[in-house]
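Q: Sequences listed follow chains A and V, in order.
Per the working numbering, the very first residue in the first sequence carries number 1; after that it's consecutive.
Per the working numbering, the very first residue in the second sequence carries number 1; after that it's consecutive.
Honestly, the hints are just simulated from the structure, not real lab data.
All C-beta atoms, glycine included, are put in the ideal place defined by N, C-alpha and C.
Mixed in with the good hints there might be a few duds.
Unchecked claim - A few chain A positions that, by computed beta-carbon distances, are all more than 12 angstroms from chain V:
1) Ser7
2) Glu56
3) Tyr64
4) Lys71
5) Ser80
Stated by the list, open to error - List time: in silico BS3-like cross-link candidates among lysine-lysine, alpha-carbon distance up to 27 angstroms:
6) V:Lys38 with A:Lys57
7) A:Lys57 with V:Lys3
8) A:Lys3 with V:Lys70
9) A:Lys71 with V:Lys3
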Amino acid sequence: DVKVTQSSRYLVKRTGEKVFLECVQDMDHENMFWYRQDPGLGLRLIYFSYDVKMKEKGDIPEGYSVSREKKERFSLILESASTNQTSMYLCASSFPALLAGVWDEQFFGPGTRLTVL
Amino acid sequence: AQKVTQAQTEISVVEKEDVTLDCVYETRDTTYYLFWYKQPPSGELVFLIRRNSFDEQNEISGRYSWNFQKSTSSFNFTITASQVVDSAVYFCALRAHNQGGKLIFGQGTELSVKP
Numbered sequence: 001d002v003k004v005t006q007s008s009r010y011l012v013k014r015t016g017e018k019v020f021l022e023c024v025q026d027m028d029h030e031n032m033f034w035y036r037q038d039p040g041l042g043l044r045l046i047y048f049s050y051d052v053k054m055k056e057k058g059d060i061p062e063g064y065s066v067s068r069e070k071k072e073r074f075s076l077i078l079e080s081a082s083t084n085q086t087s088m089y090l091c092a093s094s095f096p097a098l099l100a101g102v103w104d105e106q107f108f109g110p111g112t113r114l115t116v117l
Numbered sequence: 001a002q003k004v005t006q007a008q009t010e011i012s013v014v015e016k017e018d019v020t021l022d023c024v025y026e027t028r029d030t031t032y033y034l035f036w037y038k039q040p041p042s043g044e045l046v047f048l049i050r051r052n053s054f055d056e057q058n059e060i061s062g063r064y065s066w067n068f069q070k071s072t073s074s075f076n077f078t079i080t081a082s083q084v085v086d087s088a089v090y091f092c093a094l095r096a097h098n099q100g101g102k103l104i105f106g107q108g109t110e111l112s113v114k115p
């Protein structure tokens, strides 16, 4: 079974703190993703990575950065947390999309519910 | 621009009723892929199905079925004889062929199945 784990299920931080959210996958997936989930907005892509040390901005990268030093680990960093970053954060991983898009479904972690006070 | 719309925010049914979750998408690409994911209360999204734009055959998997219609840009999901365990948030998502692994998600539909 594919396993995507996230370091915390619940996290409470204060405004201005630096926050690290960690994600680890055990299926040797090249692709990794960070989303945030908000009511009425679905999942929105923050950043993604196709390989070690590679990263690309998603739809809402402002206020976030990422790090991928090892293939299995993808970290999301909030340099200076703000209250509008209170949200559920979901990490996902997948194999690269092949010719017909086979094998590319994303596998998700359980999520981290972050509250910024 | 690509977009996925799930107009139904919440649906509540009684066990054994059939229920259809609507999904409408927008894309200019001719090759694309559509997905459905289930998010139970535990929070982890679970993959249900993928469909590519060249395959309009409907799919049935047990009590689940999917109706893909390119003419109306819809990819609807029906649960037959719903059960309490079907209670979850369901997401429809779109990926273009040249977008790597990026998914565009709809807003989600929260399904509540009552005993």
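Q: Run every hint past the structure and note whether it holds.
A: Here's how the hints hold up against the structure:
1. Ser7: For Ser7 (chain A), whose nearest Cβ neighbour in chain V is about 14 angstroms away, the distance exceeds 12 angstroms, so it holds.
2. Glu56: violated, 8 angstroms
3. Tyr64: The assertion about Tyr64 (chain A) holds, with a minimum of 16 angstroms to chain V.
4. Lys71: holds, 15 angstroms
5. Ser80: holds, 26 angstroms
6. V:Lys38 with A:Lys57: This hinted pair holds, its Cα atoms lying about 26 angstroms apart.
7. A:Lys57 with V:Lys3: holds, 18 angstroms
8. A:Lys3 with V:Lys70: Between Lys3 (chain A) and Lys70 (chain V) the Cα gap is close to 34 angstroms, so the pair fails against 27 angstroms, i.e. violated.
9. A:Lys71 with V:Lys3: Violated - the C-alpha atoms of Lys3 (chain V) and Lys71 (chain A) are around 30 angstroms apart, more than 27 angstroms.
When held up to the earlier numbered hints, the structure conflicts with 2, 8, 9 and fits the remainder.
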